[in-house]
Amino acid sequence: MNVELKHIHKHFGPVHANDDISLTIPAGTIQGILGENGAGKSTLMKVLSGFNQADSGEIILDGKSIKITRPADAITFGIGMLHQDPLDFPPMKVIDNFIIGQPGGFFPNYKNVRAQFIEFQKQYGFNIDPDSYVDKLTVGERQQLEIIRLTFLGARVLILDEPTTGISALQKEKLFETLRILAKEGKTIIFVSHKLEDVNNLCHRVAVLRHGKMVGQVAPPFVMDDLVTLMFGEPITLGDRISSEYCDECLVIDRLCIEDARLVIKNVNLVIKRGEVIGLAGMEGSGQRHFLRTLSGLIRPVSGKIILNGKNLTGKTYQTFLKNGISYVPASRLEEGLISGLTLTEHFSLSEDQQGFFINQAHTTEVAASRIKEYSIKGIPENRVEMLSGGNQQRALLALLKTPLALILMEHPTRGLDIESTIYIWSKLKDRCQQGTSIIFMSADLDEVLRYSDKVVVFFNGRVSHPLDAKETSVDELGLLIGGKGWETIEEESKK
Amino acid sequence: MKLRNLTISWGLMVSAVVIALLFTSLVLVLAGAQPFRAYWDILVGSIGSITKISDVIRSWVPLVLVTSGLLIAFTAGLWNIGIEGQIALGAIFTTWALRSLETSTLPAGLIIMLAILAGAVGGALWASLVGLLRIYGGVNEIFGGLGMNFIATALTIFLIFGPWKRPGVASMSGTELFDRSLWLPQVPGYSISVWSIGLALAGLVLVFFLLRGTYFGLKLKAVGKNNKAAFVMGIPTSRYMLYAFLMCGVFAGLAGSIQVVGLYHRLIPSISSGYGFLGLLVAMLVNFQPILSAFVAFFFAALNIGAIQLPINLRLDSNLSGVLQGALVLFVLLMSGVRQKLMHNPKGGER
Chain A
97 MNVELKHIHK HFGPVHANDD ISLTIPAGTI QGILGENGAG KSTLMKVLSG FNQADSGEII
157 LDGKSIKITR PADAITFGIG MLHQDPLDFP PMKVIDNFII GQPGGFFPNY KNVRAQFIEF
217 QKQYGFNIDP DSYVDKLTVG ERQQLEIIRL TFLGARVLIL DEPTTGISAL QKEKLFETLR
277 ILAKEGKTII FVSHKLEDVN NLCHRVAVLR HGKMVGQVAP PFVMDDLVTL MFGEPITLGD
337 RISSEYCDEC LVIDRLCIED ARLVIKNVNL VIKRGEVIGL AGMEGSGQRH FLRTLSGLIR
397 PVSGKIILNG KNLTGKTYQT FLKNGISYVP ASRLEEGLIS GLTLTEHFSL SEDQQGFFIN
457 QAHTTEVAAS RIKEYSIKGI PENRVEMLSG GNQQRALLAL LKTPLALILM EHPTRGLDIE
517 STIYIWSKLK DRCQQGTSII FMSADLDEVL RYSDKVVVFF NGRVSHPLDA KETSVDELGL
577 LIGGKGWETI EEESKK
Chain B
13 MKLRNLTISW GLMVSAVVIA LLFTSLVLVL AGAQPFRAYW DILVGSIGSI TKISDVIRSW
73 VPLVLVTSGL LIAFTAGLWN IGIEGQIALG AIFTTWALRS LETSTLPAGL IIMLAILAGA
133 VGGALWASLV GLLRIYGGVN EIFGGLGMNF IATALTIFLI FGPWKRPGVA SMSGTELFDR
193 SLWLPQVPGY SISVWSIGLA LAGLVLVFFL LRGTYFGLKL KAVGKNNKAA FVMGIPTSRY
253 MLYAFLMCGV FAGLAGSIQV VGLYHRLIPS ISSGYGFLGL LVAMLVNFQP ILSAFVAFFF
313 AALNIGAIQL PINLRLDSNL SGVLQGALVL FVLLMSGVRQ KLMHNPKGGE R
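Here the protein sequences line up with chains A and B, keeping their order. Residues are numbered in the working numbering as their position in the first sequence, beginning at 1, plus a constant of 96. Residues are numbered in the working numbering as their position in the second sequence, beginning at 1, plus a constant of 12.
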């Protein structure tokens, strides 16, 4: 199917997420959409798949102008979207997932559907057991399931939003192969990514977005440096981990067990040295968040010990953890991190140690102004935090952290941020490390985990790996572990 | 842009008042009365003479006290519906203190002071129960407060008809009148007292500074706006919620206490006179501005006093003032919803 987007505009409040984007994709093409986080790629795809309505502009399929008002309509026009997080129903069987979303009678025809499912699998070379449960599948397999389902529903345009996050190299190859087959069949593939390498390997052509604008369309052969310059507006080099020698123990985690209704984490032993950065890798909900919240004192462990600088904090209140220099930075900035309705100044007054009963307005405004400058937050002291952009909110969260700190626990330090903010935030965090603060962070971005951590701990469904040396492991190895593969070797290694 | 927003804000507020008046007029017409006549009667009945004005001020005092307390609770994000019960408990504790001390040799002034103090403690105690239920029992303060209101009413009636009944006849008119020496000193000829007015003003000023310039107020605000984030920031949220309940209870208790020492000089069944609920309306209207609440409370008190004329002159029920008050709150809240839609562009969504 030929897809044409004409002059698409989309605003979110003051943000011009898509600014006059026009793009023509002929049938049978694998079109790459490249751009940093926040460049407007996802918005554009959501417009095309009916999740968002464009403020203005036109979508033309095979020469016919269409209006998509609901996500469910998109598929009737032949547009199928694979989301970053697969939209499937984990506790159900593969075959049931396959049936969901299909038009048809009240009673599904299992026999028929199963035959078709197997037929499709053969066609694309997949091998998923239709009777296994979805939560047993790896991310790669879930993508495969989703591809079959959408194709079965009649998708002739497939949109893949960052599909290579969290899957192994092997699965990535498999996915690329499948996409090539689909393209040969005449389907239009739109491949959204911020990874140059993937785009380079797969795409027939690439459109680059930056700050909501289409900044260029490139055909192979792709020149990496040119793409980078298009993406960021300037050539960019990323900082690396600071490899210094650590000596003192900061945090000792001794046989820690955490339990809740859905998850059991058993027997975690970990020693973190002063100034060290530990990255936690794993699918969302594999236990990293529980782990961080336990270390912050928000969740009480079932058993085990948390010892900070020789002081046993197990069972103490959250306030005690705070007082001892442990700070927790949650992922949901406006739900748990910042307080909507309060200004930056008010936030800084709250985070500072209280002096007296009355607030010294002049002093706190001064503090706020200097922090805003130091952390280059785009805003003024009187701004309410919800008026700031995501990147500036994240900067504000960092600016709120006290000095000195023993340990910072962070969830997704740079999720949804542009590259400039990402680099900035990590430079600030590295400053902290140099002052002797240890950092434990979780991230869905394996590149981020590998780039900034000294050691990586992988979580899978409550299982916790021993700390892997970030210099010796790879995205591929982590990808496998995240998906639940290769744990036997890991566990044997740790016994040695 | 700023000017436009300001114009919209004021325009909407004025239209809210106009619509509320139109709505009330409609009710009046349906009841077969001339709206203008009724409004005129209310005006004359509330500020037509010095005596009337003093009556308005008399009812302004408890209303301001209650509103001040509620502003604290609202700041912490708590809907202290239990305020009515807390007023009643303040009155009960004051009555108890007066009964216990009336035969003592203490000077009357001291007894009155102790009685008012007891009232504050009573209100705070009752509020703390609602607070503890909310914080540790997971009972929403609206339901907890409602329940405690019923218990407070029952307790009042029980005391009036039981242990504290008048010698010989127990009656709905309340307990035995206290000796004149135990009345709050009044301005000669009028039913108001400088002491109670002073107390109300002091409360207002206290809340103004508390919410505006103190760490305590800021923390309460943080707890009210986002309990979770406030906790993560290190504010002991449970403790601050309890503080808010206690302080609100103190104010409610004082209001109840003034009803006893300053007005009725005995305990009567409906001692709270609905000031708690009226205070909720005022607090909702003023959007966390204590100074504004003094004026709105005066207006509401004037409506209440003025409406007393209605049954006499127009054979209308005096509850009409309640219609206007309720309509006012509804339309002001509605208009602030409209304002938010007009002024803020649709937000949200990820890129």
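Fair warning: there could be bad hints in the mix.
[Said to hold, decoys possible] Once the Cα atoms are required to be at most 35 Å apart in a straight line, the calculated DSBU-like pairs of lysine-lysine come out as:
hint	chain 1	residue 1	chain 2	residue 2
1	B	240	A	524
2	B	64	A	309
3	A	419	A	270
4	B	237	A	524
5	A	270	A	102
6	A	526	A	551
7	A	407	B	353
8	B	240	A	474
9	A	362	B	240
10	A	581	A	270
11	A	412	B	237
12	A	419	B	240
13	A	474	B	177
14	B	240	A	498
15	A	419	B	237
16	A	524	A	474
17	A	163	B	240
18	B	64	A	469
19	B	64	A	498
20	B	240	A	526
[Stated by the list, open to error] Quick partial rundown of chain B residues pointing at chain A, CB under 8 Å, derived from the structure:
hint	residue
21	201
22	230
23	238
In short, the hints are calculated from the structure, not lab data. The C-beta atom is built at its ideal place from N, Cα and C for all residues, glycine as well.
Status of the hints after comparison with the structure:
1. Of the pairs offered as hints, the one joining residue 240(B) and residue 524(A) holds, with about 26 Å between alpha carbons and a cut-off of 35 Å not exceeded.
2. Of the supplied pair hints, the one linking residue 64(B) and residue 309(A) is violated, its CA atoms being roughly 69 Å apart against a limit of 35 Å.
3. A threshold of 35 Å between alpha carbons decides the hint, and for residue 419(A) with residue 270(A) the separation of about 50 Å lies outside it, so the pair is violated.
4. Restraint check: the Cα-Cα separation between residue 237(B) and residue 524(A) comes to about 29 Å, which is no more than 35 Å; the hinted pair holds.
5. For the given pair, residue 270(A) sits about 33 Å from residue 102(A) by alpha-carbon distance, which is consistent with the 35 Å threshold.
6. Between residue 526(A) and residue 551(A) the CA atoms are separated by roughly 15 Å; this keeps the pair inside 35 Å, and the hint holds.
7. Annotation: proposed proximity of residue 407(A) to residue 353(B) is violated, straight-line Cα distance about 52 Å (limit 35 Å).
8. At most 35 Å may separate the alpha-carbon atoms for a hinted pair to count; residue 240(B) and residue 474(A) meet this at roughly 25 Å.
9. Distance restraint check for residue 362(A) and residue 240(B): the Cα-Cα separation of roughly 27 Å lies within the 35 Å cut-off, and the hinted pair is therefore satisfied.
10. The hinted pair formed by residue 581(A) and residue 270(A) meets the criterion: a straight-line CA distance of about 16 Å does not exceed 35 Å.
11. Only pairs whose Cα atoms come within 35 Å are accepted, and residue 412(A) paired with residue 237(B) is accepted, the gap being roughly 26 Å.
12. Straight-line distance between C-alpha atoms of residue 419(A) and residue 240(B) comes to about 18 Å, which keeps the hinted pair within the 35 Å bound.
13. Of the pairs offered as hints, the one joining residue 474(A) and residue 177(B) is violated, with about 69 Å between alpha carbons and a cut-off of 35 Å exceeded.
14. Distance hint between residue 240(B) and residue 498(A) is fulfilled; the C-alpha atoms sit about 19 Å from each other, no more than 35 Å.
15. With a C-alpha separation of about 24 Å, the suggested pairing of residue 419(A) with residue 237(B) holds against the 35 Å cut-off.
16. Under the criterion of a C-alpha separation no larger than 35 Å, the hint pairing residue 524(A) with residue 474(A) is consistent with the structure, at around 16 Å.
17. Between residue 163(A) and residue 240(B) the alpha-carbon distance is near 41 Å, which puts this suggested pair outside the 35 Å criterion.
18. Between the alpha carbons of residue 64(B) and residue 469(A) the distance comes to roughly 59 Å, so the proposed pair goes past 35 Å and is violated.
19. Taking the CA atoms of residue 64(B) and residue 498(A), the gap is near 58 Å; set against the 35 Å cutoff, the hint is violated.
20. Restraint check for residue 240(B) and residue 526(A): the C-alpha separation of about 28 Å stays at or below 35 Å, so the hint holds.
21. Taking 8 Å as the C-beta cut-off, the interface hint given for residue 201(B) is violated, the closest approach to chain A being about 42 Å.
22. For the restraint placing residue 230(B) at the interface with chain A, the shortest Cβ-Cβ distance is roughly 6 Å, inside the 8 Å limit, so the hint holds.
23. Contact between residue 238(B) and chain A, as hinted, is supported at the beta carbon level, the nearest pair being about 4 Å apart and thus within 8 Å.
Of the numbered hints listed earlier, those contradicted by the structure are 2, 3, 7, 13, 17, 18, 19 and 21.
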